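Peer 1: Here is what each chain is made of, one letter per residue.
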Amino acid sequence: MAGFGRHGALADAIEQGQSFFATWRKSPSAATTIGIWTDLSMAPGNPFPNYYASSPLVAATLNGDEGIRHGGNVAPLTKHLKSLMMLTTTATALPLTAVLCDYLLYYPFVDMGSGDPQAMTNVVTLPRYADGEGVQIMAVLTNPPGAPAGLTFTVDYVDQDGAAKTSPANTFGAGVVTGTLATTDRARQGTSGPFLRLADGTTGVRSITGFTMTGGLDVGLISLVLVKPLATHGIRGIDAPVERDYALDFPSLPRIVDGAFLGLIACPSGSLAATAIHGTITTTWN
Amino acid sequence: MGFSSLDDFISEVTANGKFTRTDWNKLTHAVTAQAAGEWHALFHSTGNPGAGALGGGTSKVFQTLDDRVAGAIPHGGDVAPDTKHLLNASAFSAAATTMPAVFMLVDLLGYIPLLNTGSPNPITTGASTDIDLIMGERGTSQQLTFTADNSTEIITHAGGDVADRTRVRVSNSGGGLPGGLSAATDYWTIRQSATTSKLAASRANAIAGTAIDITTNGTGTQYLSLLLPRYTDGAGVQAFMTPSTVMGAATPNLKITTTDPDGNTGNATPATLPAGKTAAAVGIVPYSGTGAGKYGPFMPLAAGDRGIKDVYYYSQSASWVSGANNIVLARPLLTLPMTTIGVAAERDLLNQMPSLPRVYDGACLSWLIYAGANTPVSSGFFGHLDFGWG
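Going down the list, the sequences are from chains R and W.
Following the numbering used here, the numbering of the first sequence begins with 26 at its first residue and continues without gaps.
Following the numbering used here, the numbering of the second sequence begins with 2 at its first residue and continues without gaps.
Just so you know, these hints were derived from the structure itself, not from any lab.
Predicted model only: the values in this text are computed from it and were never measured.
Treat each hint with caution, since some may be false.
[As the list claims (entries may be wrong)] A few chain W residues facing chain R, derived, Cβ under 8 angstroms:
(1) Ser12
(2) Asp24
(3) Ala31
(4) Ala34
(5) Ala37
(6) Arg69
(7) Asn89
(8) Asn218
(9) Val344
(10) Ser379
(11) Ser380
(12) His385
[Unchecked claim] With beta-carbon atoms standing in for the labels, derived distance ranges:
(13) W/Gly267 <-> R/Thr239: 49 to 55 angstroms
(14) W/Thr266 <-> R/Arg261: 47 to 53 angstroms
(15) R/Leu242 <-> W/Ala97: 28 to 34 angstroms
Beta carbons: idealized from backbone N, C-alpha and C, even for Gly.
Use the sequences and the hints to build the structure in full.
Peer 2: Right, dumping it as structure tokens:
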């Protein structure tokens, strides 16, 4: 039986070397603002930045080896997040909340300047979480818009049951820098947080089939990214690294599926420019 | 059911994959800022999930809520015969002047709309008269009448719209129940229209659209009782009020009369009665705040009570003239006190605050917020919930 049948199995697995430790560092150059979420996978550092660069509107996957490393394939065993540590020595963006995600599929170069429906091409499907349950959509700014606050859009998608759905209108926040999660803002009606507001009854997404700007246009480009949120983390101050053990502190031991591309999204309390965030990750499997 | 040991917990969430996570975002209501000391309900504010609807259905008639309605925070669907529990939770805001604040996670069981204008059933009195509400099994004044058609399996109910998947019971006076239906038995509605429903033998059957075969139409007068969908004896269930349409100018004293979990009736809100707020805004708990006659978020229970099985009377000392208020029945599950902008309030409910609150199949999860400071409109709050089951 994969997974941990008992608490002792966790210790045994680590004892037997079924564990992986890695360090990571992200140092964004973007001047973010308080309350607007950003995609740290696009920030320089280790692992190197992800640019969502491939054919426009065509579904593409990311190479798991180019995200935060987690230890290779372990099937038929299952791998789980054991612990995560984060620290920074720059106070500007703190406090900061972050969410570790598995980046599954993305659709690049979606045009904020066109009011026409933009159809996506699905040449690949979800590489993990194939039924889409729990999979969310992020809208990431990849080319800066001018003044997007209040513009609206909808996405057409296939939900966890295989049904075609159209989202309610989602609203852009005021963020304009590359990496901004476009539907976030600290106080703006219609925004929905880091993940898009989806149709009633949707608990996950298998694929995106279309995108339409429904309320105003701008010059920017976005990538629509399907992710599976895994774990919450954060940094409060520069005086203490934050360590979290997902077996003991906030017990959940989120599963990391073979091939996962791990990255972080974060909600800073100020500019992340020139803020180097350092961290470690430990995974274990059984 | 549940977790028999830490070993079992580890096994269920890792080996058996019985775990889900939900990320949520809610904004304070768009129209009126929250004054320090007030409680507000965020079920019908925007965000992710989007706004739910209160005030719908028929005035004075109980409307059930579950995880399939708009505005409910997803929690992973039905897991019976397993039981699902909250493992971890977080909430934070980066919006200005939102701190301190307290978030309370509640399972919304249903609401009774109280419309001050329009039809049918407007609240027309403000003289502290007890007004019958359609909920529970206290008497025929708290029930709907219905007729059955054995050729279609449809029941037609008079006086009230019954929400889909409402737990109901049937009774009869002066004759016999329709064939296929029994007294003192739970049924679940499959809503057909504002005046018609079919009945199912279980909530699962109601979701699947599998109706009971009604073999005869019955004789005499048929009654339909609308009941709590979860926490069916009412233990731990509380009531709060919140407008879905801004109220008129008045500060009425508010009272409800309930049946308690032991089946005792006549449990009235004790004096001093909560005092409503004039021109109470959408979302506010209108008797919350600072000063005399203010409570919050829940209506005070009668002495010795430990919950609410049903609410069957409502009274107000003055007419609110206009607007739509709602009596909402809810089971509180968790509180998250927030102290500082940008800092997430977090709870580990296994080790840090051991409680593992149970989340019933069908639970309609939503947030109440206590404003510790004057909080602007449209202030965004973010967070997540972890659930496990076994």
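Peer 1: Between W/Gly267 and R/Thr239, does the beta-carbon spacing fit 49 to 55 angstroms?
Peer 2: holds, 54 angstroms
Peer 1: Can you verify the interface hint for W/Ala37: is its Cβ closer than 8 angstroms to any Cβ in chain R?
Peer 2: Since chain R brings no Cβ nearer than about 17 angstroms to W/Ala37, farther than 8 angstroms, the hint is violated.
Peer 1: Using Cβ atoms only, decide whether W/Ala31 comes closer than 8 angstroms to chain R, and label the hint accordingly.
Peer 2: holds, 5 angstroms
Peer 1: Please verify that hint: W/Ala34, Cβ, nearest Cβ of chain R, below 8 angstroms or not.
Peer 2: violated, 11 angstroms
Peer 1: Does the Cβ distance between W/Thr266 and R/Arg261 fall inside 47 to 53 angstroms?
Peer 2: With a Cβ separation near 51 angstroms, W/Thr266 and R/Arg261 satisfy 47 to 53 angstroms, so the hint holds.
Peer 1: Let's test the interface hint: is any C-beta of chain R closer than 8 angstroms to that of W/Ser379?
Peer 2: With Cβ-Cβ at 5 angstroms, under 8 angstroms, it holds.
Peer 1: At a threshold of 8 angstroms, is the proposed contact between W/Val344 and chain R supported by beta-carbon distances?
Peer 2: Holds. Min distance 5 angstroms.
Peer 1: Was the hint right that W/Asn218 lines chain R, CB cutoff 8 angstroms?
Peer 2: violated, 35 angstroms
Peer 1: Would the stated hint for W/Ser12 survive a check requiring a Cβ distance to chain R of less than 8 angstroms?
Peer 2: holds, 5 angstroms
Peer 1: Tell me if the interface restraint on W/Arg69 is satisfied: Cβ within less than 8 angstroms of some Cβ in chain R.
Peer 2: Holds, about 7 angstroms.
Peer 1: Quick check on W/Asn89 please, does its C-beta sit within 8 angstroms of some C-beta on chain R?
Peer 2: holds, 4 angstroms
Peer 1: Does the interface hint hold: is W/Asp24 within less than 8 angstroms of chain R, judged Cβ to Cβ?
Peer 2: holds, 5 angstroms
Going through the hint list in order, the structure does not satisfy hints 4, 5 and 8.
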